[in-house]
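Q: Next come the chains, spelled out residue by residue.
Protein chains: 2
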Amino acid sequence: MAPPFSAAEYEDRQARMRHAVAYRGLDAIVIGDPSNINWLTGYDAWSFYTPQVLVLGPEIGPVWICRLMDAGAAKFTTYLTADQVVPFPEELVQRPDTHPAVFVADWLGKAGLANKRIGYESDVYYFSPAMLDNLRNGLPNAQWSDANLLVNWQRLIKSPAELEIMQQAAIITGHVMQTAYDGIAPGIRQCDLMADVAAAQIRGTPEFGGDMPAIHPLVLAGEAASTAHPLRTDAPFEPNQTVAFELGACRKRYNCGLARTVHLG
Amino acid sequence: MAPPFSAAEYEDRQARMRHAVAYRGLDAIVIGDPSNINWLTGYDAWSFYTPQVLVLGPEIGPVWICRLMDAGAAKFTTYLTADQVVPFPEELVQRPDTHPAVFVADWLGKAGLANKRIGYESDVYYFSPAMLDNLRNGLPNAQWSDANLLVNWQRLIKSPAELEIMQQAAIITGHVMQTAYDGIAPGIRQCDLMADVAAAQIRGTPEFGGDMPAIHPLVLAGEAASTAHPLRTDAPFEPNQTVAFELGACRKRYNCGLARTVHLG
Numbered sequence: 001m002a003p004p005f006s007a008a009e010y011e012d013r014q015a016r017m018r019h020a021v022a023y024r025g026l027d028a029i030v031i032g033d034p035s036n037i038n039w040l041t042g043y044d045a046w047s048f049y050t051p052q053v054l055v056l057g058p059e060i061g062p063v064w065i066c067r068l069m070d071a072g073a074a075k076f077t078t079y080l081t082a083d084q085v086v087p088f089p090e091e092l093v094q095r096p097d098t099h100p101a102v103f104v105a106d107w108l109g110k111a112g113l114a115n116k117r118i119g120y121e122s123d124v125y126y127f128s129p130a131m132l133d134n135l136r137n138g139l140p141n142a143q144w145s146d147a148n149l150l151v152n153w154q155r156l157i158k159s160p161a162e163l164e165i166m167q168q169a170a171i172i173t174g175h176v177m178q179t180a181y182d183g184i185a186p187g188i189r190q191c192d193l194m195a196d197v198a199a200a201q202i203r204g205t206p207e208f209g210g211d212m213p214a215i216h217p218l219v220l221a222g223e224a225a226s227t228a229h230p231l232r233t234d235a236p237f238e239p240n241q242t243v244a245f246e247l248g249a250c251r252k253r254y255n256c257g258l259a260r261t262v263h264l265g
Numbered sequence: 001m002a003p004p005f006s007a008a009e010y011e012d013r014q015a016r017m018r019h020a021v022a023y024r025g026l027d028a029i030v031i032g033d034p035s036n037i038n039w040l041t042g043y044d045a046w047s048f049y050t051p052q053v054l055v056l057g058p059e060i061g062p063v064w065i066c067r068l069m070d071a072g073a074a075k076f077t078t079y080l081t082a083d084q085v086v087p088f089p090e091e092l093v094q095r096p097d098t099h100p101a102v103f104v105a106d107w108l109g110k111a112g113l114a115n116k117r118i119g120y121e122s123d124v125y126y127f128s129p130a131m132l133d134n135l136r137n138g139l140p141n142a143q144w145s146d147a148n149l150l151v152n153w154q155r156l157i158k159s160p161a162e163l164e165i166m167q168q169a170a171i172i173t174g175h176v177m178q179t180a181y182d183g184i185a186p187g188i189r190q191c192d193l194m195a196d197v198a199a200a201q202i203r204g205t206p207e208f209g210g211d212m213p214a215i216h217p218l219v220l221a222g223e224a225a226s227t228a229h230p231l232r233t234d235a236p237f238e239p240n241q242t243v244a245f246e247l248g249a250c251r252k253r254y255n256c257g258l259a260r261t262v263h264l265g
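Taken in sequence, the protein lines are chains A and B. The numbering of the first sequence is my numbering, which starts it at 1 and goes up by one. The numbering of the second sequence is my numbering, which starts it at 1 and goes up by one.
So that you can see chain A by itself, here it is in the shape it has in the complex:
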């Protein structure tokens, strides 16, 4: 296993981010969005179920702080060195009387940020109010400042290497939609068609596999077509039904979406 991009590409992203943090007048940013962490380091594992953050600034980091159990994945999905991975002890996991953010605040203080200007992502998933409250309480003399979307803006312009992977996602997306188009018929259960669709998403092509997309395949049929984003059912498709698909595919965290509508004769 290895990160999907070169070390130079991640270093370039981190350099752009350091510049953005300095430009915003901050000494560091605490990044909680797993996709932003992945973009900056390559880190990839099913680890977001406990708090995890990446700390980065003009003169600090990147340092990855996560649960001890999940620190191992940094070894072969990132180029981070051992001292850039700071695991918090298992004893802090899901305890009512403490929080991993207590450890993170302590680390930030020891790293010289106790009186500094620290940005955080205020409106991302997996960075909870408890995380922020514990950081603030642990470093009461720091100046906490909303830096939401600061990483996302750096992600906006894609590199040639990113465009190549996005094109691979688009190729898989074509196979996925074709699978749905070829398989749909009156009497076929929605779950059976979507099983084939999900398989096509992950199987990819002989050259490259797919990942799980950011959105589950959506099927708008019958009364479900009266709203947005309904989840599929076990019901069979019906004759003369108009069915809208919102599908897509994903390659190395890069998603490609595609929507098409079919009418069953």
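Among the clues, some could well be false.
One copy or two, either will do: identical chains are not told apart, so a pair holds if it fits within one copy or between any two.
Stated by the list, open to error - The list that follows gives simulated cross-link-like pairs (lysine to aspartate or glutamate, EDC-like), each with its CA atoms no further than 16 Å apart:
{"id": "1", "residue 1": "K110", "residue 2": "D83"}
{"id": "2", "residue 1": "K75", "residue 2": "E223"}
{"id": "3", "residue 1": "K252", "residue 2": "D234"}
In case anyone wonders, no lab produced these hints; they're calculated from the structure.
With chain A fixed as given, assemble chain B onto it according to the hints.
A: Coordinates of chain B only, in the frame set by chain A:
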């Protein structure tokens, strides 16, 4: 489409929750965890990408506040009446100068909670620091209080109807693990095997389909076996490899996990 449980079952859950909120000394709780909202009302749609909350108290709610585009799904996935679904306007979605929580705070104030004791879930996904900050700013005279896990504790003891669905999830899980066991062999790509596994998860049985599980299928093979929760790759399985599976299945949001290890001869 219909909620997976009877109206009486949801009413019982809401009654238990009202009692828990009162016992905690609160006038209402703002629930942000999508799975807790689903447990209390049945609401099911891919709508958590924008803020959404359920408000419930001894003398209020349940009232579901979400994006207008996603309000329609409440009609056929819940028993909520029209006045229990309060959509916020599309203009509030992903704007830098405002937040849906401004609307939620305004609604809570008009509902008589401006000076009341309001609990919130402090450490759940999809209820962000920005959501809480905007609620606090909008209702500065309310007494905000951490009520994390209050819903989860009510969910702990399962009803007979829930146990039946959990047994269905377990049946699908058996098929899923058998699919992995039957399909693995040296030379098979991880993505091809996991495509079959994902399909088995969704296809379910002839009697009932499966949902997407809470965790993506995990394969620990080669160096990935040195850590927890690695994501699968496109690499082929190798002769003499020991491979651990962490799989599972899901039926109507009820997950059943299963871990097994195989050795390739």
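Q: A separate judgement is required for each hint: does it hold in the structure or not?
A: Evaluated hints:
Proximity of K110 to D83 under the C-alpha cut-off of 16 Å is restricted to the intra-copy arrangement: shortest distance 14 Å within a copy versus 52 Å between copies. With identical chains, the CA atoms of K75 and E223 are at most 16 Å apart between copies only, with a shortest distance of 10 Å across copies and 48 Å within one. In this assembly of identical chains, the alpha carbons of K252 and D234 lie at most 16 Å apart only when taken from different copies (11 Å versus 30 Å within one copy).
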